[in-house]
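Student: Residue strings, one per chain:
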Amino acid sequence: MIKNVLVVLALLGLLVMFLPIVNNFQERSELSELATDYVNGSIKDLNSPNVVTSVIVTYRGLDTLGEVTVLFLATLAVGFLLKKKALKTEKKEATENLKTTSTFLAALVMVLGIYIFSHGHLTPGGGFQGGVIIASGFLLLILADINLKINHTIIQLVESFSGVFYVIIGAVGLVLTIGFLNSRIIPLGEFGNLFSAGSIPIIYSLIGLKVGAELTNIIDTMEGE
Amino acid sequence: MLYSLIIGIALLLVGIFAMLTQKNLIKIILGFSIADTGVHIIIVSLGYLKDKTAPIIDSAVQASEAASKVVDPIPSALVLTAIVIGLAVTAVMLSFVVEMYRKNKSLNINDYQELKW
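Chains as they are written, first to last, in the numbering used here: chain A, 1 to 225; chain B, 1 to 117.
If you are wondering where the hints come from, they were derived from the structure by calculation, not from laboratory data.
Hints are not guaranteed to be accurate.
To be verified - With a Cα cut of at most 30 Å, we get these calculated DSBU-like pairs of lysine-lysine:
no., chain 1, residue 1, chain 2, residue 2
1, B, Lys103, A, Lys92
2, A, Lys83, B, Lys52
3, B, Lys52, A, Lys44
4, A, Lys3, B, Lys52
5, B, Lys116, B, Lys103
6, B, Lys105, B, Lys23
7, B, Lys27, B, Lys105
8, B, Lys23, A, Lys3
9, B, Lys23, A, Lys83
10, A, Lys149, A, Lys99
11, B, Lys27, B, Lys103
12, A, Lys83, B, Lys116
13, B, Lys27, A, Lys3
14, B, Lys50, B, Lys105
With the hints as extra help, turn the sequences into a complete structure.
Tutor: Below is the structure:
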């Protein structure tokens, strides 16, 4: 009883804390100074039509590096906690139809993922979204075929290489004295082309591969449970 | 957007309510995910500008007047980060639950008294 009262009190306290936000809420009609700078800088300095991408990859690149590190640590923790056991293969094999269709669909899903992360600077999307889509392709394969073995060596190689190249590309900016993770280390190209916006598409593709590999690893480890 | 702000706060409160009252570990994690989503909606609705479009330059948004036509890109970028971190944290929490269930054969939080005071 006393517990329920405390819960209600805690929620009421939170509500009181949030009320000023709702009460004083005014719909803004102009961008803040920082956001205006980001929008104009993304077009003029970085040649990237998608402003969110240039904020994530260049202006806040260090945050994204930290985020990728957190994701890597989470993968490590999941792998450490759930050591994969030998699967009991009592389950019936999937039918031929299911297997064939899922393989066909998974290939399409992965191509969509690659499209999304390589066009991250042009269209809505990017490395994280593309990586998740690639992992969902692998999830489809795992769900359709219970005995599927995923080659962990390849996953680890892809993950390590994309992580290392991400940091190397960032460090090249330091060597050229432009700044860590600055995307202007290679020519910017023509506005709106696939090969433009400096190193943004390269970094985002590496992030996409890394996220896809990590999430595939998480899914594969959890499959045995 | 006032309505999305209210929806976000409501989701956050529902999630915290679930975390405080539920006994099942999986349901507590579900509560965390709901609260997480609420926070994302709050951040995005604070960055919304009336009658503006997504911050992507294309045929609908000319590069010369982009700054007066798009919503704030910073909250979107923050939320993208937060979603990925939330996913990673949820995966780690779920694997902890799997490990706890394997050791004690119980998902009820009352059976785990070691950290209670």
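Student: Against each hint, give a clear statement of whether it holds in the structure.
Tutor: Evaluated hints:
For a cut-off of 30 Å, the pair hint linking Lys103(B) to Lys92(A) stands: about 29 Å separates their Cα positions. A hinted pair counts as satisfied when its Cα atoms are at most 30 Å apart, and Lys83(A) with Lys52(B) does not qualify at roughly 49 Å. For the hint pairing Lys52(B) with Lys44(A), the CA-to-CA distance comes to about 21 Å; that is within 30 Å, so the pair holds. For the suggested pair Lys3(A) and Lys52(B), the alpha carbons sit about 46 Å apart, so the restraint of at most 30 Å is broken.
Of the supplied pair hints, the one linking Lys116(B) and Lys103(B) holds, its CA atoms being roughly 18 Å apart against a limit of 30 Å. Between Lys105(B) and Lys23(B), the direct Cα distance comes to roughly 15 Å. Compliance with the 30 Å bound is thereby established for this hinted pair. Of the pairs offered as hints, the one joining Lys27(B) and Lys105(B) holds, with about 16 Å between alpha carbons and a cut-off of 30 Å not exceeded. Taking the CA atoms of Lys23(B) and Lys3(A), the gap is about 13 Å. The hint holds against a cut of 30 Å.
At roughly 27 Å between alpha-carbon atoms, Lys23(B) and Lys83(A) fall within 30 Å of each other, so this suggested pair holds. Proximity of Lys149(A) to Lys99(A) is assessed by CA-CA distance (about 14 Å); at most 30 Å being required, the pair is judged to hold. A hinted pair counts as satisfied when its Cα atoms are at most 30 Å apart, and Lys27(B) with Lys103(B) qualifies at roughly 19 Å. The straight-line distance between the Cα atoms of Lys83(A) and Lys116(B) is roughly 28 Å, inside the 30 Å bound, and the hint therefore holds.
Distance restraint check for Lys27(B) and Lys3(A): the Cα-Cα separation of roughly 18 Å lies within the 30 Å cut-off, and the hinted pair is therefore satisfied. Note on Lys50(B) and Lys105(B): the hinted pairing is violated, with a Cα-Cα distance of about 52 Å set against a maximum of 30 Å.
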